[in-house]
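Q: Each chain is listed here by its residues.
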Amino acid sequence: MFEEGAIFNELLLERLNYFIYVILLLIGLYAMISKNNLIKKLIGMSIFQTAIILFFVSLGVKEGATVPIYKAEHDPHGHAVSHDANDTEVDAGVVHSPQALKQGQVAQYANPLPHVLMLTAIVVGVATLGLALALTQRIFQGYGTVEEDELLVKLEREDARKSVSPLKAKVSTPKKTKTTKAKGSASHKKSVKPNPKASKTTSKRTSSPKKKS
Amino acid sequence: MKKIALIPVVAIGLLLLYAAQDFPEWGDPASPASSSPVSSHFISKTGVDTEVPNMVTAVLADYRGFDTMFETVVVFIAGLAVLAILKNSRRGRGTRKDHEVDAEPDLIVTNTVRLIVPVIQIFAFYVLAHGHVSPGGGFQGGVAMGASFILIALAWDLDVALVRFPLSRCVVVAGLGIVIYGGIGLISMFFGGEFLDYAELEKVLPVSREMARYYAMLGVEVGVGFTVTAIMFALYANLSTEGRLKGGL
Chain P
433 MFEEGAIFNE LLLERLNYFI YVILLLIGLY AMISKNNLIK KLIGMSIFQT AIILFFVSLG
493 VKEGATVPIY KAEHDPHGHA VSHDANDTEV DAGVVHSPQA LKQGQVAQYA NPLPHVLMLT
553 AIVVGVATLG LALALTQRIF QGYGTVEEDE LLVKLEREDA RKSVSPLKAK VSTPKKTKTT
613 KAKGSASHKK SVKPNPKASK TTSKRTSSPK KKS
Chain B
1488 MKKIALIPVV AIGLLLLYAA QDFPEWGDPA SPASSSPVSS HFISKTGVDT EVPNMVTAVL
1548 ADYRGFDTMF ETVVVFIAGL AVLAILKNSR RGRGTRKDHE VDAEPDLIVT NTVRLIVPVI
1608 QIFAFYVLAH GHVSPGGGFQ GGVAMGASFI LIALAWDLDV ALVRFPLSRC VVVAGLGIVI
1668 YGGIGLISMF FGGEFLDYAE LEKVLPVSRE MARYYAMLGV EVGVGFTVTA IMFALYANLS
1728 TEGRLKGGL
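Order-wise, the sequence lines are chains P and B.
Letter by letter, the first sequence follows residues 433 to 645 of the working numbering.
Letter by letter, the second sequence follows residues 1488 to 1736 of the working numbering.
Careful: at least some of the hints might be erroneous.
[Stated by the list, open to error] Computed list of lysine-lysine pairs in DSBU-like fashion (alpha-carbon distance at most 30 Å, straight line):
1) B:LYS1490 <-> P:LYS586
2) B:LYS1574 <-> B:LYS1733
3) B:LYS1690 <-> P:LYS594
4) P:LYS534 <-> B:LYS1532
5) P:LYS594 <-> P:LYS503
6) P:LYS503 <-> P:LYS586
7) P:LYS586 <-> B:LYS1489
8) P:LYS503 <-> B:LYS1532
9) B:LYS1532 <-> P:LYS467
10) P:LYS472 <-> B:LYS1489
11) P:LYS472 <-> B:LYS1733
12) B:LYS1690 <-> B:LYS1532
13) B:LYS1489 <-> P:LYS467
14) B:LYS1574 <-> P:LYS472
15) P:LYS467 <-> B:LYS1574
16) P:LYS586 <-> B:LYS1532
17) P:LYS472 <-> B:LYS1490
18) P:LYS503 <-> P:LYS534
Bear in mind the hints are in silico, worked out from the structure with no lab data behind them.
Extracted from the complex, chain P is given alone in its bound form (with noise of 0.2 Å):
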């Protein structure tokens, strides 16, 4: 196991599929958490997520067995049963009510489950990357960047000039809040230049680092 030709077996030849899943999920991962724009993290997002689909449709192959759709000798329900007379594999198929398939004839089959889950998981993946997308086209709208160390500068200079203070208003009486509070959108509407959605930045701000994870 320790040799290198053993090693060297184990992951290119025999599991070059594992290989390959590995490889992707890392350029992923690493565009994920190295890269400073949040469209390349998306990026990094999808090529991760075709690594996992890669990785379960590759489960799913097995030796010496065709896709997971019935041939028509084997269909329990089919017509073409009856046709084949010739056909070795008949036996199966004269008797009247729908017999489940034998064992030997199971292993004909893929697996159809991995198929199933993966049809599912790329068109989700696909809304979800256009949810994505469309956060990120917002972030742009209201900050003008989508680099991620410009955003944390951005996001730290707004908190500077919106906080009064948060301390404050937490120690003061519930109706002084209300005040303060008020001040602050008005105050934040008199200098429209700098954004005009203050009460969406926050909202903005606690959904971006989940995207990052």
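For chain P, the structure is supplied; the task is to place chain B on it using the hints.
A: Chain B only, in chain P's frame:
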């Protein structure tokens, strides 16, 4: 930052490669995934329980119908969320983007699309309806159908596509798909079965229990196709124009 990022990446990579040694070999018929009682049950019993030869469709729409229903709901909610996020972001409404030009739609492109789009749509219906006996189904057919509308938007203009499939109708169609799916489940519940237990529909359909499941699966796939079609197009329409729904790419 980039150097630090390499550390967890390499660590996870080594861990996964180490774990990969214990995984089954490529195409091993005795692998846990292939030899599990669940998958062999699906393979051996699908033809008995239903009249659908395509096991993937049967597992998707029948055995795991509950899962698929909420996958569809996820697609629907994601589409609605995109609409909600981009809806009121009309900041640059009057301003033109650099990539927007006044050029007329290209003659060759539009005429080719004119020829292709009906074929794509018929193919989408084929994929959807023929998914019981060949690879296909609601998700695939829905994506192909949505692609035909996207192609129209690419060849002419988003407005031309939106005349044919307005965004308000998108939302209605997408919701209708889920209503169809859930409705079939509820109807089968009212006839004495459990939720999404299609076999009970034999009481209203003049067919056997197995055939009732066949038709109910077809209905469910149509519902999925509706939702996916509408959401795919709504995603494109909103993302390509930043929610302005004007001009487009």
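Q: So which hints don't hold here, by number, going up?
A: Numbers 3, 5, 6, 9, 16, in rising order.
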